[in-house]
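K.L.:
So you can see what is in the structure, the chains are spelled out below.
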Amino acid sequence: MNLLINLFMNPLLITSSVELGLLYGLMTLGLFISYRILDIPDLTVDGSFTLGAAVSVVVATMGHPILGIFLAGIAGSCAGVVTATLQTKLKVQPILAGILTMTALYSINIMVMSGKPNMSFRGIETIFSKMKTMLNISFVPMILGISIVILVMVVLALFLSTQLGLAIRATGDNEDMVRSSSVNVDFTKTVGLAIANSLVGVSGALIAQYQSYTDVSMGVGMVVMGIASLIIGEVIFGRKSIRRNIVAAILGSIIYRLIISLAIEFNISASSMKLITAIIVTIAISYPVLKGKIKLTRQISLRKSKQPRMKGSESHVKN
Amino acid sequence: MLKISHLTKTFNKGTVNERVAMNDVSLHLPTGEFVTVIGSNGAGKSTLFNLISGCYLSDNGNIELDGMDITFIKEHKRAKTIGRIFQDPLKGTAPSMTIEENLALAYLRSTKKNISFGISHKDRAFFKERLAALGLGLEDRMKTKMGLLSGGQRQAVTLLMSILVTPKLLLLDEHTAALDPSTADKVIEITKDIVKENHITTMMITHNIQSALYLGNRTIMMDNGKIILDIKDEQRENMTVEKLLELFKKESHKELSNDRMLFS
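So the sequence lines, in the order shown, correspond to chains A and B. Counting in the working numbering, the first sequence runs without a single skipped number right up to 341 at its last residue. Counting in the working numbering, the second sequence runs without a single skipped number right up to 266 at its last residue.
This is chain A alone, in the form it adopts within the complex (with noise of 0.2 angstroms):
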């Protein structure tokens, strides 16, 4: 107990989290899109979040960090419209689709990087050294990341309420009716899956720049934390309307980074955090089957107890 409370006191410990749950917060926002709004669980993800940070390591060596974190997502967008070409036009079964990219995105990381699987940003100027320098105030990564983090809400939000921001919106609900609304199914998969993987390149470059490291393997399993993040949002913020679930988003990856934290504290190894997130997520989804069935056994338990005690009161009356 006295460690938990030590844990909340210490305030680096916290702050740090938050930074980290804001950038990968981009992250989550783009999972989503995809697989919230569009209902396909894209896992390019893994691919093109490296493909951000790769990106922007590359572009920041030259001497631009901020430029690296545009085109960083650019870069995932483009990854976004092979995977959907992949499943729009030439048919390749959603799942596969971002498994292809996600292979080939391995590859393309590495030759990004010039052949080498990570890279370091020692010496090389950061969006965050960059503006701490520039403005001269600390706290550099909280306002950059609260900054970045509400544009990126306010904008999507306001997108998805656009004509095509709903076309979009209804494509992962139901495709048939998008289509007969005289919309272009494959258009609209192809426009959300590259915002989702723009963003998803986008927090791929500034956590590279926030650890000031890039490795190849960086994405790993990123699609899963994503998921895990957006469910821990839903289930405590809710999901009544597009703009809560955003805001949802955000917070529940801020809170997935504090859980992590806290692991980590209570001396779990970072490398066993990704099983830990793969059995979150998966009770996570199939907690209302599991609910169904403890409900279940609960009653039959209960009919077979009552049985007994129903003998035994019989037995009561006759003596």
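Where hints are given, some of them may not hold.
Keeping only pairs whose Cα atoms sit at most 30 angstroms apart, straight-line, the calculated DSS-like set for lysine-lysine is [what the hints assert, rightly or not]: (1) A:Lys317 to B:Lys147; (2) B:Lys245 to B:Lys194; (3) A:Lys111 to B:Lys245.
In short, the hints are calculated from the structure, not lab data. Since the structure is predicted, the reported quantities are computational estimates derived from the model, not experimental observations.
Since the structure of chain A is already known, use the hints to place chain B on it.
P.N.:
This is chain B only, laid out in the frame that chain A set:
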């Protein structure tokens, strides 16, 4: 308005499962005509609709709508001028979006297609007025999620959505079959009013021979991918369910084996 000539469609060509679903069908519908389509299961009614709406491409023949050849036009582009409603009430609407959002989507078929934010006051007022005309009290529930409505309400909204921007052709594919009798009657009445009011060329598949004769001004009967009977005007006015069943037996050399048709 609609001109179909020598339409042919074969599924699984060259295999043991080869099946001629549409066999050299020609049909001409003048503007404003309301045709009811009857026939037993597998007669080719839905295939005909799928070919007209562009769900499948035909092997042969062509389809002309309002003087334009649409034989090879993509489904979502045809949807601009063709409204279609399915038997399944879940198929026509997006359940997790609100009524007004669903209507706004259907309204996209209008020629003005701009990226505006949200739904404008003008559009909302227009939707409200149209919803009120259905007489189901839905105009006060525009922010309700579609998935919360009953099948009949959803089907009525779907009908409204497909004519929100007046289509050149309306295809109704057994759109009341999944509803309970009283709701089905209500949806049929709404259909009748809407089609009459907007003077839309309409085709309706039904298994209810009574309503096939009651609605519209022409009835065609299909069997084995062919139109075997086409009645209108006087001949149709004097037609009864019994006579029609008799005619079917004569034309197709078999009994109508569909319970729903016999009991109606």
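K.L.:
So, for every hint listed, does it hold in this structure?
P.N.:
Against the structure, the hints:
| no. | hint | in the structure |
| --- | --- | --- |
| 1 | A:Lys317 to B:Lys147 | holds (29 angstroms) |
| 2 | B:Lys245 to B:Lys194 | holds (24 angstroms) |
| 3 | A:Lys111 to B:Lys245 | violated (50 angstroms) |
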